[in-house]
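Peer 1: Spelled out, the chains give:
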Amino acid sequence: MVLFRKAGYRMAAGLIALLLLLPVGVISSHAAGMTTLTFLGPDFDEWIAWVAVANKIGAGMGIQVKPEYLPWDDVFQKALIDSKSGVKTWDYVYIYNTWVPGLSASKAITPIDEFMNTPEGRTAVQPDDFIPESTAGLKLNGKLWAMPMLAAPYMMGYRTDLFNDAGEKQAFQAKYGYPLAVPQTYKQFMDTAQFFTRKKGEMLAGKPLADDFYGVILANKRGGFMFHRFEHILIAHGADLVYNPKTMQPTVNSPESIAAVKYYIQLHQYMQPGTETVTGGGAERVMASGRGAMAMDALDNMLSVLPLSKLSTVVGRINYALLPTGVPSRPHANVGDANGLAIYALSQHKPEAFKLATATLSTQGTKEVMKEYPALVPMRTSVVNDLEVRRNYTDVFAAMSLQIKYKPYTVFIPPLKEWIQAQDIYENALSSAMSGQQSPEDALNAAQAQEVELFKRAGYIK
Amino acid sequence: MGMRWAMLGRGRLYFWLLTLPAVLYVVTWRLAPALYTVWLSLTQYNIVYDNLPRWNQFANFGRIMHDRGLGGSLFLSVEFALIATAAELVIGLAAALFFDTDPPGRNLLLGIFLLPMIMVPVVVGTVWSTLFDRTVGPIPYAFQLLHGPTIQWLATPATAMFALLIADAWEWAPLVTLLLFAALQVIPREQFEAARVDGASGWQLFRRITLPQIAGMVLVAAGLRMMDAFLELDKVFVMTGGGPGTSTQFVSMFVYKQAFQFYELGYASAVIIVVLILLAVAYGIYLRSSGRAFRLASP
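Respectively, the protein sequence lines represent chains A and B. Just so it is clear: in the first sequence, position 269 is 269 by my numbering, and no numbers are missing. In short: position in the second sequence from 1, add 1000, done, that's my numbering.
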């Protein structure tokens, strides 16, 4: 009896162990056949969506993607330091257009052009399908440094219910002498922002306001957000982006630049209070709470909040338009943003990484990512014009159609290695002028002196 | 104690074996990085664009002499440190005296009072940033309810600095309280009783008995807080980002920007060395004067 029980226990233990080990064995054998690619990127919804799609598509190729998410600006530092240290962990790196000069100069990433030497490679990438105004930022010295994934054109979001309200239209016409419409010029933009800025208790579209209401919602937090919103107005006024690229001379205190700063200070009166402390997401939350008439932001920022019923009280009441025009030679001027997927230079699986990247960011792949993340702004013309996209993503289609049709004047941040410092100097001056610490002229004159010193130290000017 | 090195004999081997881990730690994690920083301060090194640091003699230090931004940051850091320390000493002393009266529920109250001190500084910054937020913050809302002025707390230079001071005092006054409360417990009660019998008022008790005996701990607390406040970064980073303009760009924020936004490691290292020298001089003066104060305070 004892022997049997002993044997019985042994058999039971063996059976349990077998049952426990069997899945592990299956998983191991399954994993053994898979190539794992590691992705270094920010914890943003669009990249989480991309990883999900990459794993779905990659399953059929024997590839899986393992993400490592870091705060946005830490991704650049991590990629840079790891590549300099010879770390071979990564296969993919998220890239933002202003990072291209730095990561390419430090040889942290491999240009996509290197994979397009064959007809198959070129066919996989389909470079002619990219919307040039959105992808130019990922190009440097004639090479494409990342697979374009998410465009972030800056556009205007506006409340259609307010712009179509008969009472508001009548009042606007009476006050300004022209019809209320989507602003086409920055003068109209200022008038509209002024018109719609109202205090709690005042009337808006026939109803008394429960809270203060603001003409324009903007994110002006120091650390790049402020300058990133202002720079569109800067170039719309005919100014350079900090310096003249032909002469390499800083032009921070040019008449156009001073005019742009003065405009922004005036517009500041009609922005939501606390604009200096919010980032893009924070600003869109204010717009989504129904407290602004217009917003000026990256399209994907707006799309990720304003149409979502769980986040927004203005669902179905927002349309998107190109930014207004300042000087006529720069219609709807804006500074472009582009986000892409780069292949890490020290990757041990470059062919697999290229194969999966082109598959997931092809026309069909991008549509799959859009199903996971509907706010994705695609960078392929074929995706924007796709019937399914036109039907299911009307906001994206409408907005990107404007970009394709009207070809707004678009510039990208220059590939200057001192750009962050140059931008910081300008942003300090802008912040100083906006807070009343200095007059615009004094602030920009001081900034100009610092920029000249920076450019001299860098050897661009004598 | 009192054993001479020569008398240790074979014990010297054990001495080295036992101290080796600590020595290795100090050399690896303290001395080596410090020496590397000194080396970097003498080089041009942008970690993005330069493959290796390039010796540039003392160009970084020459640049420091002309950098008005750095001068401004140093001034702001000193200003912040002085005001924050003064405020924390006053609040901390008041709270310590209150807790010394042994009010009902003292232990619970003291525990709650000390909580901010153990919070992560970034969380403290985030909390106060939200409190001061013009759109959703309760402080502007309270001002509005009381028909007070409309203040853009974090958007104007004067109020941004004030907001940082309030946040810092909220976080660190409890530390001062803790130190001074401990010092108060050591004062013999009989001295107070005897003084009261002689007709001393509350203020006289404080000035003639309490203050002299806690003067040493006040200096310790002041020294600790001054050094810490001078190097404040977390709350500034979260609440103001150094703005508006450069009105709250303290020296730590300045160094952070140089090193981690502009990637100028050489220049950032030079600034760190200069700040270190300034702090060492200031600390030396503090130790001398506090030593004198300790001697004067002793019976």
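For the record, the hints were derived by calculation from the structure and aren't laboratory data. One thing to keep in mind: the hints can contain errors.
What the hints assert, rightly or not - For lysine to any residue, the following SDA-like pairs were computed, each having C-alpha atoms within a straight-line distance of at most 25 Å:
id, chain 1, residue 1, chain 2, residue 2
1, A, K367, A, L311
2, A, K417, B, P1053
3, A, K84, B, L1145
4, A, K207, B, F1260
5, A, K246, A, G86
6, A, K262, A, Q184
7, A, K107, B, T1043
8, A, K207, A, G223
9, A, K417, B, L1042
10, A, K310, B, V1136
11, A, K417, B, Q1057
12, A, K462, B, P1053
13, A, K417, B, F1260
14, A, K143, A, K355
15, A, K56, A, E372
16, A, K107, B, P1053
17, A, K355, A, G86
18, A, K84, B, V1136
Keep in mind it's a predicted model, so treat the numbers as computed, not measured.
Peer 1: Going through the numbered hints above, which ones does this structure break? Give me the numbers in ascending order.
Peer 2: Hints 3, 4, 5, 8, 18 contradicted; others consistent.
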